[in-house]
Amino acid sequence: MSDTLSYDTLVAERHQYLQPLIAAEDHIIGYIYPHTPLELFFAHQLIPTLLWAEPKIPGAYEASLQTFCCAYSRNLFSQRAKNQLTNLTAIVFPGGTCDSLQNLGDVWQARFPEDTLLRLTYPVAQDEAALTYLTEELQNLSNYIEVTLGHKFSVEKYNEAVALIAEFRAATQFITAARLIKPECLSYTKYTKLIRQFLTVPGPQALQLIEQTAIEVQSELRQEQLIPSVEALRYGLLQNTFDDLTIPLSKQGPRIMVIGGMIDPEGIAVLFENAKTSADIESVEIVMDLLSFTYRTVFTSSPSLQGNPFQELAQSILSAPAEPTQEGLPNRLQFLRHVFDQFKIDGLIICEQSFCDPDQFEVPDMLKLAEKKKIFTVRLPLDPEFSDQARIEGRLQSFLETLTARR
Amino acid sequence: MPSQPSHGIGIDIGSTTTKAILINTEGTIIAKFLIATGASAQKSAERCLDELKVQSQQDLSKIPAISTGYGRRQALNATKSVTEITCHSIGVHSQNPEIRTLIDVGGQDSKVIRIGSDGRPTDFELNDKCSAGTGRFLEVMAQVLETSIEDLGTLALQAKVPSIISSTCTVFAESEVIGRIGAGDNPANIAAGVHKAMAAKIATLSHRVGVRKPIAITGGVALNPGFRFYLGKQLDADLWVPEGPQYTGALGAAILAMNTRE
Amino acid sequence: MSPETSPAPSEEREKAYRKLYTSKLLRETMTLHILSTKTASQEGRLVWVTSGFPVEIPVAFNTVAAYPEQYGAIVGSEKCGPLLCGFAEELGFSQELCSYARSSIGSVQQPEQSPLTGLPKPQALLACNNICGTVLPWYEAVSEMTGAPVYLVDTPPLEGEQPPHHLAYVKSNLNGLIEFMSQTFNHEYDEKQLLQVAKLSNDAVNLWTKALEACKNKPSPLNCADRFISMAPIVSLRGTQQAINFYETFFAEVEERVKQGIGAIREERVRLLWDNIPPWFTIYDFFNTLAKQGVVFPADSYTHAWSAAIPRGEIIESIAKVYSNVYLNKGLSAKIDKMCSLIKDYDLDGFVLFSVRSCKRYSIGQMVTKEEITRRTGVPGVIIEGDMVDSQQYNEAQAKTRIEALIEMIV
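Protein chains in written order, with my numbering: chain A, 1 to 407; chain B, 1001 to 1262; chain C, 2001 to 2411.
Keep in mind the hints are simulated off the structure, nothing from the lab.
Heads up, a few of these hints could be off.
[Stated by the list, open to error] Derived lysine-lysine pairs resembling DSS-like cross-links, with alpha carbons at most 30 Å apart: (1) A:276 <-> B:1043; (2) C:2192 <-> C:2218; (3) A:368 <-> C:2330; (4) B:1160 <-> A:276; (5) B:1080 <-> A:190; (6) B:1213 <-> A:373; (7) C:2121 <-> C:2216; (8) C:2218 <-> C:2259; (9) A:368 <-> B:1062; (10) B:1043 <-> A:56; (11) C:2292 <-> C:2171; (12) C:2079 <-> B:1160; (13) C:2344 <-> B:1233; (14) A:373 <-> C:2259; (15) C:2079 <-> C:2292; (16) B:1233 <-> A:276; (17) C:2199 <-> B:1160; (18) A:372 <-> C:2121; (19) B:1080 <-> A:368; (20) A:372 <-> B:1213; (21) A:182 <-> A:344; (22) A:157 <-> A:368; (23) C:2330 <-> A:82; (24) A:374 <-> B:1213.
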């Protein structure tokens, strides 16, 4: 009755995705923060894999971290302590994004001195000076990788990676925009699975699956002459100028949006589907999320091949949209206002990762805004270790029941 | 034309107790039963249904049943499961349609529900991960004070000056209470302090939803006069308690069951 | 900060703890400061700043600074943390967030129910993330409530020496601050004024540092609570003549104690290091109870954070250097080094690490710290859990038992 969150199949899948790389003795580098420059690691012949939280890991952090360290940090540490993070050449930790992850890096290095840790420290500001600073940080990181790991920066590999990530973003941006207009074209579960797979092992294989799906979605929407709208929306989201677009939205049941930070989107999809089944409400669908590993990653602009790679990468990182680890709450609230107005959102699921400052500080302003726009909200306190799946699904089911009753 | 069934069964499988109710079209309660949930939610639900059968002398197999509560999916004989939020809202509305806010404090969960004029929930809040602000909190404190959970509230009402218990974390508050005992505070004052701390926690949860009067209180803790007193003070309101406040969720489920089309 | 009732002289002799004469002057100084923030707010020149903010710059712009963290300490000492935090929680702020932030937001929401009716309304919110990352989202949330604009001085966390690109970035942020202040307060930047303020700031910092270092003496002239309470002006009046006036008197008293061999506590048996912000709601009770057992805290990692003077050189660059290199902006190993050297220099017998749930930047890593300090210095330590303002997160009995066990290990 009191299982903690568990999406067993997702965990198994991750290992399955990684197997071929391990077999081929590729150099894999783990990363945590969504806006880690994947292209830079590819350029150094390292394959970046996102280190997802794994709910089934028993807590093994107690002797090193307090419970008020964020849930994601605790979970990663437990994975390491239980020897689940093998086959990694190095792990790159973010600096300056939040206090938990900042200190986690130090604790990790003290506890596992045999691990190779890299640190990329991000500016919180987004101005010219921040760009210069981050460019230098990236250059230093590149030099450090060359010295410590002996992997040289290859322009050819860099160019390939830029193309790979840009294609991933373009295809996923298209699907995201298409789902906003016609969510039935691809379920949220499938959508998040495609992204999760790519971020676990970014490569041509995962990209092909996404592009294949994009083509299928495209042909479905073409029949309804919706392609120009999808493209206009995609462009609008990229430029953050969609507030005066006229978007034809399908007249289906309640439209749900998910908001939150560094949580597993596919995990949310699993919880949502279970709640939907229990509530016996078919027509409701998650039409959009603003999570770190989906929207904020996908709608970040890609570096251009012209110009200094480090500066281009820095520019790309700083362009991440709606990212609360950066300065600018008023901008994010303005963005949200447009989203609520334009995309006819009926319900909002607010995910709060346990002890995550950037997530939790924004919640009250989001609640206020949602209330003003008459959008019904539910908060999900998520902690891979302590959250009780039945309770979380109960919350979601109540949310769906109430939402339907309100309509 | 599909017709409404003439009876409905509601089963509320809470983390501490399981409650079941059988009602007829008039909304009259024909049978009801409550037992400890114990280790098996499924078994306790079955036990409850057996008892309804004995009490009503009816064949229940044709009567639609809706399960609710934490273990709602474990009830194999239920037609459908609906969350306790919706069921409590509907249940209390049937007993008093004026109620706009419902505070339910159960064994391991507490919730505040804002109810619309149609009896459906319009907003809700639930307690967080831990047992702060639930019946469990009072249960632990009763043990520490070596009194029964039934007597704890009455004891609290005898207090002259409530002790200061600042923590609502069950573990921390337990040692605070032990500390107060050690400092020689009288048990009534400590009991009052415990209720005051818990009432403050529930009041915060209520303010998140936005309290609208009149307010009802249900769940096992609604039977505790000490808690009702301190919560009423915190919210500056009278609290309405329905008859059988533990059964509100089950009643709502039974009403929903009866309204399902055959 | 919290008005402690002055004991009658006859009673005082029985006490294990000696009160500072300067505490009266402290109370006067801080009362005047509070009044000046009210006036400044009315005149449209009040800024709220974080404790590690380069306050010399706003002071040079003739603005007055109020400190929400210090206000949090008052809320804590007045024991209304849970009430004010509750107001923020009602708005939807998680109970898991920093209690300085929660009580500050709570006081903005319900000033009439807050001590001193809250801090006066700010015209600008100035945050520097050299102490933690929480200050930015906290100030942004306050900005949504008050309409005052936020300026962030971004000082990315440092590992080791400050590299040139880091220094350049922080300098650019400080130049941005000057521009922001000029525009917001319609006041021209005057380098001479800034140099003057920096000098006043350094003078106060030097006096404060000398007082801290006097605690190397046995018996220690100051205990933890003395320093935590007397640090108020170095935090909120840095860069003003008032701070210097106070610390001159304060240091004179400390010197006098040293000269006469008077300790902060009557009988000094055990000397310990304190790490982190104190539990404000029980600050006197906590340290005085231990004083009765002969336990004194001659050093702590917290009040030493205000002991770095602005170095000579180009003023903006000097400010950038000193504020980038604060204790909390550096990695764990720098913290461990600092605590080990305090233990050595102050000849301490053990240490207490206060694990403050609100303060992730300060507290996460303490488990490693504890082992490492003992390994390097050979002295034992203990971790106690709690919070600085939210007494709901503090278990007094547990904390006391742990410290008693530590003392038994030492004596």
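- Quickly compare the C-alpha distance for residue 2292 of chain C and residue 2171 of chain C to 30 Å and report which way the hint goes. violated (49 Å)
- Query: Does residue 368 of chain A pair with residue 2330 of chain C here, judged by a C-alpha cut-off of 30 Å?
  - Reply: violated (37 Å)
- Item | Given pair status - residue 373 of chain A, residue 1213 of chain B, alpha carbons within 30 Å | Since the Cα atoms of residue 1213 of chain B and residue 373 of chain A sit roughly 24 Å apart, the hinted pair holds (cutoff 30 Å).
- Compare the distance between the alpha carbons of residue 2218 of chain C and residue 2259 of chain C with 30 Å, and conclude whether the hinted pair is satisfied. Cα-Cα ~11 Å, so holds.
- Query: Given the proposed pairing of residue 2192 of chain C with residue 2218 of chain C, does the C-alpha separation stay at or below 30 Å?
  - Reply: Violated, at roughly 42 Å.
- Message: Please verify whether residue 157 of chain A and residue 368 of chain A have alpha carbons no more than 30 Å apart.
- Response: violated (47 Å)
- Query: Between residue 1080 of chain B and residue 368 of chain A, does the CA-CA distance stay at or below 30 Å?
  - Reply: violated (34 Å)
- Item | Pair hint outcome, residue 372 of chain A versus residue 1213 of chain B [Cα-Cα no greater than 30 Å] | holds (22 Å)
- Given the proposed pairing of residue 374 of chain A with residue 1213 of chain B, does the C-alpha separation stay at or below 30 Å? With a Cα-Cα distance of about 21 Å, the restraint between residue 374 of chain A and residue 1213 of chain B holds, given a limit of 30 Å.
- 30 Å limit on alpha-carbon distance, applied to hinted pair residue 182 of chain A and residue 344 of chain A: Answer holds: residue 182 of chain A to residue 344 of chain A is near 12 Å, not above 30 Å.
- Holds or violated: residue 2079 of chain C with residue 1160 of chain B, Cα cutoff 30 Å? holds (22 Å)
- Query: Would the pair residue 2330 of chain C and residue 82 of chain A pass a check requiring their Cα atoms to be no farther apart than 30 Å?
  - Reply: holds (29 Å)
The structure is inconsistent with the numbered hints 2, 3, 4, 7, 9, 11, 13, 14, 16, 17, 19 and 22, although it conforms to all the rest.
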